[in-house]
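Student: Each chain, letter by letter, is given below.
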Amino acid sequence: MFSFALKNIFFYKSRSITTFILTFVSTLFFIVYVAMMDGSHNSMLKNALKVYTGAIEIYKTGYRDIGGNEYFIENVDEIESKLSQIDGIKHFTSRYETYGILSTDRYSSAAMVTGINPLKEENMSQLKATLIEGEFLSETSKNCLYAGADLIKKIHLKVGDEVSFIGSASDNSFAADLFTLCGVFRTGSFEFDSSASFVSRSYFDELMYAQNKASYITIDVDDLEDVDSVRLSIKKQLSSELEVLTWKTLMKSMVEMMQVDSIFGYISMSLFFVVIFFVIMIFGFINVSSRVKEFGILRCIGLSRANVRALLLYEIFILSSLAIVLATPIGAAIAYYFSIHPIVIEGMSETYKEYGIVSDSVPLDFNIFTISWNVALIYSLNFLSVIYPISYINAFKPIEATRHV
Amino acid sequence: MYKLILKLAFDNAFLRLSRTMLVIIMIAVSMSMMLSIQGLYDGMTLSMIEKTKRSDSGEISIYAKGYRLSKTITNSIKNVSKIKKVLEAKPEIDALAIRIKADGLSATARKSSFSTMIGIDLKEEEHFGTFSEFLKEGEVTFSKRGVLLGSELAKTLKVKIGSKVIFSAQDSDGEINAMALKVRGIMQTSNISLDASAMYIDKKVLQEFLGIPKDAAMQIAIRTKSKTLENSLVAEYRTLEVKSFLSLYPIIKQMEDMMVIFNSITFFIVMLVVFIGIMGVMYVSILDRIREFGIMRSIGLSYKLIRLQIFLEALFLGLSGYIIGAILGYAALSYLKHVGLDLSAFADGMESYGMSKVIYGDIKLSYFTSTLLAIIGASLLSVLPPLRKIKTMNTIEVTKVET
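These protein sequence lines map, in sequence, to chains A and B.
Residue numbers for the first sequence follow this note's numbering, so the first one is 1 and each next one is one higher.
Residue numbers for the second sequence follow this note's numbering, so the first one is 1 and each next one is one higher.
Keep in mind that a hint or two might mislead.
Derived DSS-like pairs (lysine-lysine); straight-line CA-CA distance at most 27 Å [as the list claims (entries may be wrong)]:
{"hint": "1", "chain 1": "B", "residue 1": "65", "chain 2": "A", "residue 2": "153"}
{"hint": "2", "chain 1": "A", "residue 1": "50", "chain 2": "B", "residue 2": "243"}
{"hint": "3", "chain 1": "B", "residue 1": "391", "chain 2": "A", "residue 2": "13"}
{"hint": "4", "chain 1": "A", "residue 1": "158", "chain 2": "B", "residue 2": "101"}
{"hint": "5", "chain 1": "B", "residue 1": "71", "chain 2": "A", "residue 2": "153"}
{"hint": "6", "chain 1": "B", "residue 1": "136", "chain 2": "A", "residue 2": "252"}
{"hint": "7", "chain 1": "B", "residue 1": "243", "chain 2": "A", "residue 2": "153"}
{"hint": "8", "chain 1": "A", "residue 1": "252", "chain 2": "B", "residue 2": "389"}
{"hint": "9", "chain 1": "B", "residue 1": "101", "chain 2": "A", "residue 2": "153"}
{"hint": "10", "chain 1": "A", "residue 1": "60", "chain 2": "B", "residue 2": "123"}
{"hint": "11", "chain 1": "B", "residue 1": "160", "chain 2": "A", "residue 2": "252"}
{"hint": "12", "chain 1": "A", "residue 1": "252", "chain 2": "B", "residue 2": "155"}
{"hint": "13", "chain 1": "A", "residue 1": "153", "chain 2": "B", "residue 2": "111"}
{"hint": "14", "chain 1": "B", "residue 1": "204", "chain 2": "B", "residue 2": "71"}
{"hint": "15", "chain 1": "B", "residue 1": "123", "chain 2": "A", "residue 2": "252"}
{"hint": "16", "chain 1": "B", "residue 1": "364", "chain 2": "A", "residue 2": "213"}
{"hint": "17", "chain 1": "B", "residue 1": "111", "chain 2": "A", "residue 2": "248"}
{"hint": "18", "chain 1": "B", "residue 1": "158", "chain 2": "A", "residue 2": "60"}
{"hint": "19", "chain 1": "B", "residue 1": "243", "chain 2": "A", "residue 2": "293"}
{"hint": "20", "chain 1": "A", "residue 1": "153", "chain 2": "B", "residue 2": "78"}
{"hint": "21", "chain 1": "B", "residue 1": "101", "chain 2": "A", "residue 2": "213"}
{"hint": "22", "chain 1": "B", "residue 1": "82", "chain 2": "B", "residue 2": "164"}
{"hint": "23", "chain 1": "A", "residue 1": "248", "chain 2": "B", "residue 2": "82"}
{"hint": "24", "chain 1": "B", "residue 1": "71", "chain 2": "A", "residue 2": "158"}
{"hint": "25", "chain 1": "B", "residue 1": "160", "chain 2": "A", "residue 2": "60"}
{"hint": "26", "chain 1": "A", "residue 1": "13", "chain 2": "B", "residue 2": "389"}
{"hint": "27", "chain 1": "A", "residue 1": "252", "chain 2": "B", "residue 2": "111"}
{"hint": "28", "chain 1": "A", "residue 1": "50", "chain 2": "B", "residue 2": "155"}
{"hint": "29", "chain 1": "B", "residue 1": "357", "chain 2": "A", "residue 2": "46"}
{"hint": "30", "chain 1": "B", "residue 1": "391", "chain 2": "A", "residue 2": "60"}
{"hint": "31", "chain 1": "B", "residue 1": "78", "chain 2": "A", "residue 2": "248"}
{"hint": "32", "chain 1": "B", "residue 1": "85", "chain 2": "B", "residue 2": "111"}
{"hint": "33", "chain 1": "B", "residue 1": "155", "chain 2": "A", "residue 2": "60"}
{"hint": "34", "chain 1": "A", "residue 1": "235", "chain 2": "B", "residue 2": "111"}
{"hint": "35", "chain 1": "B", "residue 1": "389", "chain 2": "A", "residue 2": "248"}
{"hint": "36", "chain 1": "A", "residue 1": "158", "chain 2": "B", "residue 2": "158"}
{"hint": "37", "chain 1": "B", "residue 1": "204", "chain 2": "A", "residue 2": "213"}
{"hint": "38", "chain 1": "B", "residue 1": "389", "chain 2": "A", "residue 2": "7"}
Hints are computed from structural coordinates only; laboratory data are not their basis.
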């Protein structure tokens, strides 16, 4: 039956060529499109995680929903010693985050001022790596301020200038100090660069009465895929008044927006698939309807309905397999190449800065599992497209089919 | 004779009903899907453009030189009342909104966030962009030190209607001032930056708080249908910055362009596949009836009339698909226009990225006219290869062909 199907494929060239080309193009297009969509989403997430947000963060329950000074984590040292025992954690550090006003004599701006541990922060985030002027903080930095490039632009500040800070300390008292701008960073995230500034914790803790306190503890994991299991391990070690959240919750808006983007992507793709499915079906149907007589004779000489079904399924299997076997490595190679050498769209990050795009490069996502389900879907559509032609031909009685005009 | 050709074409187009129906279904389904997707994407972009114009820029906005680079209260437009008078006298201007803005820190007892206080005149804003339609919760009023908050800012500050918010900012003397306000309403404009940071209060209250002259403002937004107004305002106000909507929001222009490119590619691919589908069916249909055409030629029917019959057959196929596709597409577009695509499950993500959780489609006559022309074109072009076959056939030989 297989060789018979092969013979038919070569005999009915136009149907074979059309089915082959459409299957080849749709497979290639689907693999590359999904790789591009997933790649851009992954890149956005990774960039956002790299900049500041941790893969896992620990908060006192209520800090995020209610807020206020009574929701600071109190026993940071004890928690940190527990975290150092847990497998899967790469780095961690605590941060004391507050909001206040930074002012010069003429200009002022609201800012997020965060007390950080400079040594630990080097491993956790891109803060040091994104330094563009001056120097990063150290344990002995004292009143040094490390601020975003867009924030200092707003208040017309230069490295070495003094800026006053007014905020409130952890005991609700008034906190004010004079900082000196020591370094400037630019992460590429517009929102972050125009609002964030940092001070060494050793100094800031004294100013804010925040010794052994933290707004949250941020954690980097060995493997992002294992984030849920690491979260569970941490949760077991900590008291119930602390909540342990992964990036999926912390960046819920971004994750949801990516899901919406994917939905629209798949809606667009579905249009192409519907059209291609119909064309393959029409060509399959035309082919079968022009062979009614042939099938009638085959049935008369002893082929069963199941044999006819098998013959047509073999035909579509061979054609689909040939196209998919050729298209998959090409699509996979394109996805792999552009995952290592991302496509660069000049000016994209500037244009889409409000949407959290921090890089001009769009890497494709090379993922064997994704490619496999892409291929499986195309296979399924091709098999679905022969169902009607099979039912059409099998509806004929053998004698009736031999007389068909 | 032409009547007979028309009847022959119609009968033959539906002779093999199964395959004819397959082509018609293919055209109808793909066309209705294509129209729905186009309408949905266009609706999404148009809604963003419209809401951005209504909530912020209008078609044109005027700023003091340097304000957009350094948003300080010293960079304000002076003599606003004089400019307003001149602008109001221009017949091509439909509405004006004069706003005062100041960046600062908003805080509750527990949460703080960056915010932009925008001083507005509610009547003016209502006329400018039906401001009250942006209300998500509460009411549009500034009574009893009332403030209206952007929806994302309200989420960040975890405030409800009636909550107290303190706003601190630097005044015109360089002093840090603060004022306590009560949340009266939560506004959702679908403009990312406004929803994330805007606090609306009465213009006069903000003027007083900042200590700026009554005749100063940061933005004059203009609604107009005129295409030439921007250039005349640029010439008229050389000391100010006159900016069109697209230059203020280049991202929206880019989104619009991307939608046009995407819709054109989709349109081209769908029409190409429709062409292949009709061509396949017509080719086989003609081959099936090659003997019939041979006989028709033998009894004296000219090639021109046979060609006309085949063109009409293809047109019947294409137009049948088009009519069903147009009905289905219109039904889908009407549904999307009036009910919309509800993405409430992703509300947080949609709203924080400046989109409504329900996306409404748009219906344009051009969707149907351009598709009609393309389907007519695809139908006519698709029969050219089979027509070549008929033109070059040997009449005597083909009459002997067994089908």
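Student: If a hint holds in the structure, say so; if it does not, say that too.
Tutor: Okay, the hints, checked on the actual structure:
The hinted pair formed by residue 65 of chain B and residue 153 of chain A meets the criterion: a straight-line CA distance of about 17 Å does not exceed 27 Å. The suggested pairing of residue 50 of chain A with residue 243 of chain B is violated, with an alpha-carbon distance near 36 Å, which exceeds 27 Å. Distance restraint check for residue 391 of chain B and residue 13 of chain A: the Cα-Cα separation of roughly 23 Å lies within the 27 Å cut-off, and the hinted pair is therefore satisfied. For a cut-off of 27 Å, the pair hint linking residue 158 of chain A to residue 101 of chain B stands: about 25 Å separates their Cα positions.
Our distance criterion of 27 Å between C-alpha atoms is met by residue 71 of chain B and residue 153 of chain A, whose separation comes to about 10 Å. Distance restraint check for residue 136 of chain B and residue 252 of chain A: the Cα-Cα separation of roughly 21 Å lies within the 27 Å cut-off, and the hinted pair is therefore satisfied. The suggested pairing of residue 243 of chain B with residue 153 of chain A holds, with an alpha-carbon distance near 23 Å, which does not exceed 27 Å. This hinted pair does not check out: residue 252 of chain A and residue 389 of chain B have alpha carbons roughly 61 Å apart, beyond 27 Å.
Restraint check for residue 101 of chain B and residue 153 of chain A: satisfied, since their Cα atoms lie roughly 18 Å apart, inside the 27 Å limit. For the given pair, residue 60 of chain A sits about 45 Å from residue 123 of chain B by alpha-carbon distance, which is inconsistent with the 27 Å threshold. Distance hint between residue 160 of chain B and residue 252 of chain A is fulfilled; the C-alpha atoms sit about 21 Å from each other, no more than 27 Å. The straight-line distance between the Cα atoms of residue 252 of chain A and residue 155 of chain B is roughly 14 Å, inside the 27 Å bound, and the hint therefore holds.
Straight-line distance between C-alpha atoms of residue 153 of chain A and residue 111 of chain B comes to about 25 Å, which keeps the hinted pair within the 27 Å bound. Between the alpha carbons of residue 204 of chain B and residue 71 of chain B the distance comes to roughly 19 Å, so the proposed pair stays at or under 27 Å and holds. Under the criterion of a C-alpha separation no larger than 27 Å, the hint pairing residue 123 of chain B with residue 252 of chain A is inconsistent with the structure, at around 37 Å. Between residue 364 of chain B and residue 213 of chain A the alpha-carbon distance is near 59 Å, which puts this suggested pair outside the 27 Å criterion.
A distance of roughly 23 Å separates the Cα atoms of residue 111 of chain B and residue 248 of chain A; the hinted pair therefore holds under the 27 Å criterion. As the CA atoms of residue 158 of chain B and residue 60 of chain A are separated by approximately 17 Å, the hinted pair is consistent with the 27 Å bound. About 73 Å separates the Cα atoms of residue 243 of chain B and residue 293 of chain A, which puts this hinted pair outside 27 Å; it is violated. Only pairs whose Cα atoms come within 27 Å are accepted, and residue 153 of chain A paired with residue 78 of chain B is accepted, the gap being roughly 24 Å.
At most 27 Å may separate the alpha-carbon atoms for a hinted pair to count; residue 101 of chain B and residue 213 of chain A exceed this at roughly 37 Å. For the hint linking residue 82 of chain B to residue 164 of chain B, the alpha-carbon distance of about 37 Å lies beyond 27 Å, and the restraint is violated. Using a Cα cut-off of 27 Å, the hinted pair residue 248 of chain A and residue 82 of chain B is violated, with the two alpha carbons roughly 53 Å apart. For the given pair, residue 71 of chain B sits about 18 Å from residue 158 of chain A by alpha-carbon distance, which is consistent with the 27 Å threshold.
Taking the CA atoms of residue 160 of chain B and residue 60 of chain A, the gap is near 23 Å; set against the 27 Å cutoff, the hint holds. Taking the CA atoms of residue 13 of chain A and residue 389 of chain B, the gap is about 17 Å. The hint holds against a cut of 27 Å. The suggested pairing of residue 252 of chain A with residue 111 of chain B holds, with an alpha-carbon distance near 20 Å, which does not exceed 27 Å. Only pairs whose Cα atoms come within 27 Å are accepted, and residue 50 of chain A paired with residue 155 of chain B is accepted, the gap being roughly 25 Å.
For the hint linking residue 357 of chain B to residue 46 of chain A, the alpha-carbon distance of about 26 Å falls within 27 Å, and the restraint holds. Under the criterion of a C-alpha separation no larger than 27 Å, the hint pairing residue 391 of chain B with residue 60 of chain A is inconsistent with the structure, at around 84 Å. Taking the CA atoms of residue 78 of chain B and residue 248 of chain A, the gap is near 48 Å; set against the 27 Å cutoff, the hint is violated. A distance of roughly 42 Å separates the Cα atoms of residue 85 of chain B and residue 111 of chain B; the hinted pair therefore is violated under the 27 Å criterion.
Of the pairs offered as hints, the one joining residue 155 of chain B and residue 60 of chain A holds, with about 19 Å between alpha carbons and a cut-off of 27 Å not exceeded. Distance restraint check for residue 235 of chain A and residue 111 of chain B: the Cα-Cα separation of roughly 26 Å lies within the 27 Å cut-off, and the hinted pair is therefore satisfied. A threshold of 27 Å between alpha carbons decides the hint, and for residue 389 of chain B with residue 248 of chain A the separation of about 62 Å lies outside it, so the pair is violated. Distance check on the hinted pair: residue 158 of chain A and residue 158 of chain B sit about 35 Å apart at the alpha-carbon level, beyond 27 Å; violated.
A C-alpha spacing of about 43 Å is found between residue 204 of chain B and residue 213 of chain A, which places the hinted pair above 27 Å, so the restraint is violated. With a C-alpha separation of about 26 Å, the suggested pair residue 389 of chain B and residue 7 of chain A falls inside the 27 Å cut-off, and the hint holds.
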